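Whenever a hint applies, use it, and build me the whole structure from the sequences.
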Amino acid sequence: MKLTSGWIGGSFSLGTAIAVRAWMKTLRFQISYYDPSHDPVNASYSTPGIYIFWHEYIPFMFYLRGHNDVAMLLSQHRDAETLARATRFVGFGTIRGSTSRGGITALRKMFRQGKSMNLTMTPDGPRGPRRELAAGCVYLASRLQLPLIPLGLGYDRPWRIQRAWDQFAVPRPGSRARAIMGPGIRIPAKADRDDLETYRRQVEVVLNQLTVAAEQWAETGQAVGQPFVAARAPRILPWMRDPSDDGPTGLR
Numbered sequence: 001m002k003l004t005s006g007w008i009g010g011s012f013s014l015g016t017a018i019a020v021r022a023w024m025k026t027l028r029f030q031i032s033y034y035d036p037s038h039d040p041v042n043a044s045y046s047t048p049g050i051y052i053f054w055h056e057y058i059p060f061m062f063y064l065r066g067h068n069d070v071a072m073l074l075s076q077h078r079d080a081e082t083l084a085r086a087t088r089f090v091g092f093g094t095i096r097g098s099t100s101r102g103g104i105t106a107l108r109k110m111f112r113q114g115k116s117m118n119l120t121m122t123p124d125g126p127r128g129p130r131r132e133l134a135a136g137c138v139y140l141a142s143r144l145q146l147p148l149i150p151l152g153l154g155y156d157r158p159w160r161i162q163r164a165w166d167q168f169a170v171p172r173p174g175s176r177a178r179a180i181m182g183p184g185i186r187i188p189a190k191a192d193r194d195d196l197e198t199y200r201r202q203v204e205v206v207l208n209q210l211t212v213a214a215e216q217w218a219e220t221g222q223a224v225g226q227p228f229v230a231a232r233a234p235r236i237l238p239w240m241r242d243p244s245d246d247g248p249t250g251l252r
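Heads up: the sequence shown at position 33 corresponds to 33 in UniProt numbering, and the numbers run straight through without jumps.
If you are wondering where the hints come from, they were derived from the structure by calculation, not from laboratory data. Honestly, I wouldn't trust all of these hints.
Said to hold, decoys possible - Simulated restraints, written as ranges between beta carbons of each label pair:
{"no.": "1", "residue 1": "194", "residue 2": "160", "range": "31 to 39 Å"}
{"no.": "2", "residue 1": "22", "residue 2": "130", "range": "23 to 31 Å"}
{"no.": "3", "residue 1": "223", "residue 2": "23", "range": "21 to 29 Å"}
{"no.": "4", "residue 1": "132", "residue 2": "34", "range": "20 to 28 Å"}
Please read these numbers as outputs of a predicted model, since none were measured by experiment. C-beta: ideal position from N, C-alpha, C; glycine also.
Encoded structure:
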């Protein structure tokens, strides 16, 4: 019996969402901004954007930014169905597709949704190479005229799944988790293929720099020079709200 079918699949996905939330809730989160107005949880938030981060850190965003009008691009592969359902349970919209399967359909959906809500994607997913940025996010930012918002994410000395193509990061319970939300990057609307490739390389460099900085910050606990803002966790479903739940521990 397949876990992706019917009520069994839905129950398994909900269980996955609850388990991830419980695990991630033990972490000590801090976020640093170049521009707080790019984060939809802040009062100064002004315009939608396309948030990009590396695939190995999916649980980080999965935990922190649900119920904020964000749609996530996920693979059409059958194995991604559980993740897609779990993602919806924690308050994300989902768009199914990738560069190899359903890519054109997914881009069309992102064009439509990008006019009214935030988008997020892992530009090295779903199959890699690890930390190499595919051009899709740059093309989308150009045509939608939305800023690319790079997110550097890191845990303190996480366990790594070495056989996974992305060396998926599993945070140690109770450890530090750090995020750096980089500056908005605008791509010209009329950028041609050569221009897009130039921007692709530049964005890849920025995202890798932010990721390394976030990982070093998480490991050492030393500040990176930007203002700190507490990261608050979303509820899984409106009726699962715990009145005593004030978000992750260790915020300041």
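Next on the checklist: Name the hints, by number, that the structure is in violation of.
Outcome noted: Of the numbered hints given earlier, the structure breaks none, since each of them holds.
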